[in-house]
Amino acid sequence: MIVAVTGVVLIAFVVGHLLGNLQIFLGPDWVNSYAEHLRALGPLLWAIRAFLLVSVLLHIFYTISLAIENRRARPVQYERKDNVKATFASRYMAMSGLIVLAFILYHLAHFTVRVTDPRFLLLKADPLNRYDVYSMMVYGFQNIFVSAFYIIGMFLLALHLSHGTSSFFQSLGLNDKKLTPRLALAGRIFAWLIFVGYTSIPIAVLFHLVKPAQEL
Amino acid sequence: MKFKLKVWRQKTATAPGKLVEYQAKDVSPNTSFLEMLDVVNEGLVAQGKEPIAFDSDCREGICGTCSLTINGEAHGPDHPGAACEVYMRRFKDGETIVVEPFRAKPFPLIKDLVVDRSALDRIVQAGGFIAARAGSAPEANSILVPKHEADRSMEAAACIGCGACAAACPNASAMLFTAAKVSHLAFLPQGQPERTTRVLKMVTAMDAEGFGNCTNTYECEAVCPASISASLIAKLNREYAIASLKRRAGE
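Going down the list, the protein sequences come from chains A and B.
The numbering of the first sequence is the working numbering, which starts it at 1 and goes up by one.
The numbering of the second sequence is the working numbering, which starts it at 217 and goes up by one.
Possibly wrong hints are sitting among the right ones.
Said to hold, decoys possible - Cut-off 27 Å, straight-line C-alpha distance, at most; resulting in silico cross-link-like pairs (DSS-like, lysine-lysine):
1. B:Lys218 x A:Lys81
2. B:Lys462 x B:Lys417
3. B:Lys222 x A:Lys81
4. A:Lys81 x B:Lys327
5. A:Lys85 x B:Lys222
6. B:Lys241 x A:Lys81
Read the hints as simulated data drawn from the structure, not as lab findings.
All values reported here derive from a predicted model rather than from experimental measurement.
Could you put the whole structure together from the sequences, leaning on the hints where they help?
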């Protein structure tokens, strides 16, 4: 239950973050003012970050302890085990989750703490004297390896959510015989929409559809 | 038809086990899987060898005694149905068939393909019953049960307690079994007095047996010979959440 509830908190973040990021297609002014507004939240921003951090830690702690229990529940493995219905995503939640975690750590180092790319230090403020988040995103994604890791990270996130989203309803008992297949389908569609939304940004950058607002 | 069998042989609970190859020759396509094993066993006995131990009773899919994992699927390839309802025509001639016991920590192996599933009985003993007045049966219409609820209850009560759900679950979780046993009483008026304590006690008993946790893969409902729906697991979660709140409130 804790896993399900923290999962939903994190899904809400994933959706909100996507909506924020997609503003890159509306031009530098939108993204930079959005970032400025977020930063202006001050202590509230840190409260949100702390809340998300606690959610992530609880989500990871409980899933890993449950996974260990599950491993112990079958000490002698089958020589042959076929899956009739279980999807790939549902069987490899721990693996996809841990890779997404690795991605998030890198992503924070890259764009939030900004320690992985020295070019970001050369960025000048935008005409309204705000930090030029727009150009930072574009320069960041122009690196093919950064974009590739981003897309892989998003693929695994989508895989994780394609099972996790509908799983929330089942775990909290908000489900019935008719709803189950519909929610499973809706969860999958939702997850892959998230994937398309997020990956559209590095792809647009790599194809030069979105260009930096300033020269370095 | 002829088949190559790879059967799990293990003398005792603690002895090491392994897959042993056997040939099944001149098998009629209309032989049931268990009859085929009987024929193989007769051959083994004739050679003075130890026959393969496996569980079976009614051999018509209603008792829940058979417990084979055939080619990696609990109860074999024909779903919904128990292992005793699988016929050899379902396999390709000359096919290699792997036969293993139901595997889960709470199902300790006794011998070869026979496992001890009394963990399921202990879950039922923890709360899968109703307190009823002893004596003569009450008049049938004295307790009214709406048709819809009777049907839902019957769907859950169809569980034959074979343990295939736990055997097929990637986490060896017995949630579908417990969900069926909790639900069929929760739907009926007779089950109401113990409704709150029942779910709490049965879930506690299930956890104490060492079953794994549900991660919603629905592998259980795919192999269930009684077609118990995993939506009953959602009901179990619902019942458990409400019961926990009620207990906290002292109700």
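Results of checking the hints against the structure:
no. : hint                : in the structure
1   : B:Lys218 x A:Lys81  : 23 Å, holds
2   : B:Lys462 x B:Lys417 : 14 Å, holds
3   : B:Lys222 x A:Lys81  : 14 Å, holds
4   : A:Lys81 x B:Lys327  : 20 Å, holds
5   : A:Lys85 x B:Lys222  : 24 Å, holds
6   : B:Lys241 x A:Lys81  : 26 Å, holds
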